[in-house]
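Protein chains in written order, with my numbering: chain V, 1 to 373; chain F, 374 to 746; chain R, 747 to 1119; chain E, 1120 to 1492.
A few of these clues could be false.
[Stated by the list, open to error] Pairs of lysine to any residue residues, derived as SDA-like cross-links and limited to a Cα-Cα distance of at most 25 Å, are as follows:
#	chain 1	residue 1	chain 2	residue 2
1	V	Lys268	V	Ala96
2	F	Lys375	V	Pro202
3	E	Lys1122	E	Glu1272
4	R	Lys1106	F	Trp740
5	R	Lys750	R	Gly1083
6	V	Lys268	V	Ala148
7	V	Lys360	V	Ala148
8	R	Lys748	E	Gln1167
9	V	Lys268	R	Asp1034
10	R	Lys748	E	Lys1122
No lab work stands behind these hints, which were simulated from the structure alone. Just so we're clear, the structure is a prediction, and the values are computed from it rather than from any experiment.
There are 4 protein chains.
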Amino acid sequence: MKKKLRLGLIGSGFMGKTHVFGFAAAQRVFDLPYEVELACIADVTMAQAEAARAALGFQNATDDWRQMVDDPSLDVIDITAPNALHKDMALAAIAAGKHVYCEKPLAPLSADAREMAEAAERAGIKTQVGFNYLCNPMLSLAREMIAAGELGEIRGYRGLHAEDYMADANGQFTFRHDPAGGGALADIGSHALATAEFLLGPITRVFGDCITVIGSRPDGKGGTRTVETDDVGRAFLRFENGASGSIEGNWIATGRKMQHDFEVYGTKGALSFSQERFNELHFFSTGDAKGRQGFRRIEAGPDHSPYGRFCVAPGHQLGFNDLKAIEVAGYLEAIAGVRPEPFNFRAGLRIQTLIETIQKSSRSGTWLAVDGA
Amino acid sequence: MKKKLRLGLIGSGFMGKTHVFGFAAAQRVFDLPYEVELACIADVTMAQAEAARAALGFQNATDDWRQMVDDPSLDVIDITAPNALHKDMALAAIAAGKHVYCEKPLAPLSADAREMAEAAERAGIKTQVGFNYLCNPMLSLAREMIAAGELGEIRGYRGLHAEDYMADANGQFTFRHDPAGGGALADIGSHALATAEFLLGPITRVFGDCITVIGSRPDGKGGTRTVETDDVGRAFLRFENGASGSIEGNWIATGRKMQHDFEVYGTKGALSFSQERFNELHFFSTGDAKGRQGFRRIEAGPDHSPYGRFCVAPGHQLGFNDLKAIEVAGYLEAIAGVRPEPFNFRAGLRIQTLIETIQKSSRSGTWLAVDGA
Amino acid sequence: MKKKLRLGLIGSGFMGKTHVFGFAAAQRVFDLPYEVELACIADVTMAQAEAARAALGFQNATDDWRQMVDDPSLDVIDITAPNALHKDMALAAIAAGKHVYCEKPLAPLSADAREMAEAAERAGIKTQVGFNYLCNPMLSLAREMIAAGELGEIRGYRGLHAEDYMADANGQFTFRHDPAGGGALADIGSHALATAEFLLGPITRVFGDCITVIGSRPDGKGGTRTVETDDVGRAFLRFENGASGSIEGNWIATGRKMQHDFEVYGTKGALSFSQERFNELHFFSTGDAKGRQGFRRIEAGPDHSPYGRFCVAPGHQLGFNDLKAIEVAGYLEAIAGVRPEPFNFRAGLRIQTLIETIQKSSRSGTWLAVDGA
Amino acid sequence: MKKKLRLGLIGSGFMGKTHVFGFAAAQRVFDLPYEVELACIADVTMAQAEAARAALGFQNATDDWRQMVDDPSLDVIDITAPNALHKDMALAAIAAGKHVYCEKPLAPLSADAREMAEAAERAGIKTQVGFNYLCNPMLSLAREMIAAGELGEIRGYRGLHAEDYMADANGQFTFRHDPAGGGALADIGSHALATAEFLLGPITRVFGDCITVIGSRPDGKGGTRTVETDDVGRAFLRFENGASGSIEGNWIATGRKMQHDFEVYGTKGALSFSQERFNELHFFSTGDAKGRQGFRRIEAGPDHSPYGRFCVAPGHQLGFNDLKAIEVAGYLEAIAGVRPEPFNFRAGLRIQTLIETIQKSSRSGTWLAVDGA
């Protein structure tokens, strides 16, 4: 009989639903140390919470997240509320001794993220931030190949996360445009940064180039509101391992829906990847025979853990929601102490630090060292 | 409060598990007319059944599928047992008034499939066969585009389902090599046929070319066994709509894991698709401006129902298991009478008829008409 | 000082021009045994011939190809006139002791092609038919890899040559629709057949499926003319080496401009190729490490002779006209006795025999053996 | 009768040969205002020059380029000698009133390039620098589409030119590593810069990031030599039209042979291109119907001038040497006054200015304005 783990979820929007998919699928797909009970869901109004409870299968609903967080019967608090609320919620949950799972970004500002990470560490609870693209078996494969020296000594990197969901200048001003923590670099460039460090290790220095292209947006009340956050955030990078590189976060890249791409090259090989076809990793090896060299399209399969949990045959492909299930599974194993936290609050803080350093560098027009690499 | 639908599952292997994933996900992702209860799971031994019960979350377990089928508390019987058993199980379930969901192939022989289809129709229960590739939103899009005339009058078709899981001549003889119902054409060529008729409508005449490449295989007891089923099954096709085409089923296609591809062209446009990248559909339109024409890579998104149920943003991609959830959802809606059965036993029979006609044509070396088109 | 070879060209249309490009480029790019002089060009009227002479740089022009063919100062006659004239021209040139280079098809009917091939062999002159796609270094690479056993024992083949230049039903009736020798299979399916035998060796048996889709076309005089030739010509194939396969020639494949593709698989590997990206060959090897297997995109480079003659750096890419230069170079070397004829009249006859056997099989609806394999 | 233009070529290496191919092909393919005579070829020794004369078909050979430049019978001097000699040669040719065609880079230092450009302009002769990638019909198409507003207002750009020909740390020190004018940014990043301005117009500000990865190389005499030039040269860009972007030049990009890529996006569309498949341009238009949008693979064809000069059918593809023929044709037309110089010395100077500004910015770690935009 598995130990039960009782979950309290805050927020029932897109990401709340995705988390529930993740918990449900993870328990079917993986052999996990816990049986997760969907104990309670909190939302702004009781009506919303109750509707979500029924739709998603929670036992209880509440419009008072603070009360839920203090409920001694719950083990894990999962936060998918707007970014600005993450800190208060997480600190309260930590204070109540709960494990805390928080959607990215951990907090709009790194100072807040730091406070959260430190509180979690002091309390000894287990945390997780939702950087789900890292949960792709092909990214794990890429990291393993790099670590095993299959590319030789790493020399360079190009990363990108480009979409076009903010390309329309008539799109309304939202919390994503908030000067505190908003912008393309923070919103999706953060994924590019997470992937870069996941693969190559710490970034030590950055030069930022953050640009506001759409200077004002409708405020939804008939007027317009000035936008100060970036639509494109680029950076040149130096890594601790000696490599250099660049990343870009871009939410006005017309035509692009999920261009989370990278190319990394070393003395003996190279990898090329696009999230547009995220069940593939392209590998070039200088060890291949003369006249037979080329980028090799490796398709995800049971050789690439944990793909085999989802399907015993290669080439069938995982979907976006499967990545969330892998994320959940890793977190539950970390709670059980079976493995380290895959991407804890400290890691979430790290991303915020990188973002802020790049933004600061962009403003000053100078290279900056990244703290705490 | 949703009506409950109590499920009895036979079989707990790869496909049994995939079905459970499908039911679980479908209920999270869709707003379905029923709440499905995982009531009972049957397997060959009680130990297997009990282990599966615990792992997959069923209420009860049994080693007696006949008893389960007769349990008046159950509404739906889901069959993922070996092909040779499908018929007895389905007929018993139909006799007990249950809705029946059966993995493909419906039965190794079309005569058996016919008996099953007719029994189901007489009983008035709802049936489903698991042709999950058809559940891809991009295939629905392709069908819609063809039906709407976006390609003009359809002239030709090329279909393929090639993998390499039987390419190793040292792979053991299995039930898939059984002369009654085995072979590449039946096992995966069936998908190519299903897709062809899904898109273009009835096939009226066929010429088959079925080839055994690996003539004997290890029997697992130190000897070898002669293989008479095909490793490659090809056919030329005529469609009722006037188009001609070809398909191929191939399980010795070295290097290919999921080459379920098609290309269809008409007087005004063409579509090209590969299951290797199944979140994309490539569309050529003669209506595009001169000098600007080309195959357009359409990426799956919320515009392509029911993608939006899984994810609100385009380009994030569905996985293989998501297709199963769509299949389950369609079946549950059909049970509720909301829509026609997506792929019922009659449709399953149709595929078996096509397969047998192609095999017969291959043996006789002549074109044959397909019955009951 | 190189020996001179004096060329007489018949025809100054698209192909005539392409041949001149080929001769000119071949002499710059290769170190050839001859210096080719553009001695004389023949066309239907003196005005056309003279205009072509001036534009293309020939020494003389004539409207009397018979006279030119008999000119003792000429060494090679190059025929790019309409197909129906190939035979008379070639036989006259052979009778005059000239080497003969003839555009494909050698002749509309295999009986004529046979007469031409036999006459050439009796006369001991050197012949060439223009199957330029075979001159691609990546096809030579494919052939070498197959011959060297890099794919193991060959099991299967899929070939295709699809374009859309006859997709418009309002396109006028031309010599390409002539019942004697016309149709998609003859016009471009011939390329698919040539590639199939180039790679795998002789085809021994065929089953044809030749279809007329556009049954009548404008005759250019205000009326229409019935079309009896195929718009799509398909065939199932058996090869002498034991492999089976299929090819298709298709000139109504909307959206396709140059889909001369093939996929070949053996016990140890596979190749995939598309003329749409003809500087690439995709290679899968079962010898690659577990978890690292995949189709490898080999880009043409100096490792793939004679690419290096055109460019010392890989990845720069050859163009269509460069393939013609390679064809010319091979022919000139064959004339000099340095190498066998790359694709002589006997080989051209072979293609016509395959085409006619497939057409005959299509009419009879039965498998047929191919003569003289 | 066409006017003759007598050519004197300096240098008979890779680029010298490519130029001869270009002149030869251009005259066959285009209807040009001149007949070019290969009058004289100069190389370092008489033996080399004479060998090149015979191989390439020049009338005369010399080991004294100064004498050749002064020969009153010559009209055009074509310089493919080492970069360091370009200036003296060009100035002498200009002084002698010759038109001058010079391989890229115009000169290692922009000060020299300026002197050359100004001398040419004062003398009123016509000049050309060999930026052949710009001669691709698909790049002309891209520029036309941008100019015509098919992408709307341009917002951003990413350019790249990556190869791996210097990836081997044991590769010898060459003139390409010379501190004056060497490095990846100058050698191939120059192409990325040329393409960026070709498409979007003037770059006004840059921030450079130029990195030496392989710090020393064998000197060919048993020792090593320190390398100070960059192996990777990156830059952030601002364009006069308001767009921002980035480029990278990289000659240690393992696995890449010709990754001259760009992506440009505007308010209404986007283009994506890779020189690895340079006969294709991928176009996204927000004007396409909902649910039917996607990047469209436009294949080069007769609609994209001057492709039709080479081949009357689309999809047959141009090769690298064909681009050189287009370059030559454009220059000859410019000499005849039919069109402006496609890429004259002033344009070559511009590229050197950009390179030096980026290098200077990299050293200072600050944004710099580009002179003379």
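Here is how each hint holds up against the structure:
no.	hint	result
1	Lys268/V x Ala96/V	violated (51 Å)
2	Lys375/F x Pro202/V	violated (51 Å)
3	Lys1122/E x Glu1272/E	violated (45 Å)
4	Lys1106/R x Trp740/F	holds (15 Å)
5	Lys750/R x Gly1083/R	holds (15 Å)
6	Lys268/V x Ala148/V	holds (12 Å)
7	Lys360/V x Ala148/V	violated (35 Å)
8	Lys748/R x Gln1167/E	holds (19 Å)
9	Lys268/V x Asp1034/R	holds (16 Å)
10	Lys748/R x Lys1122/E	violated (29 Å)
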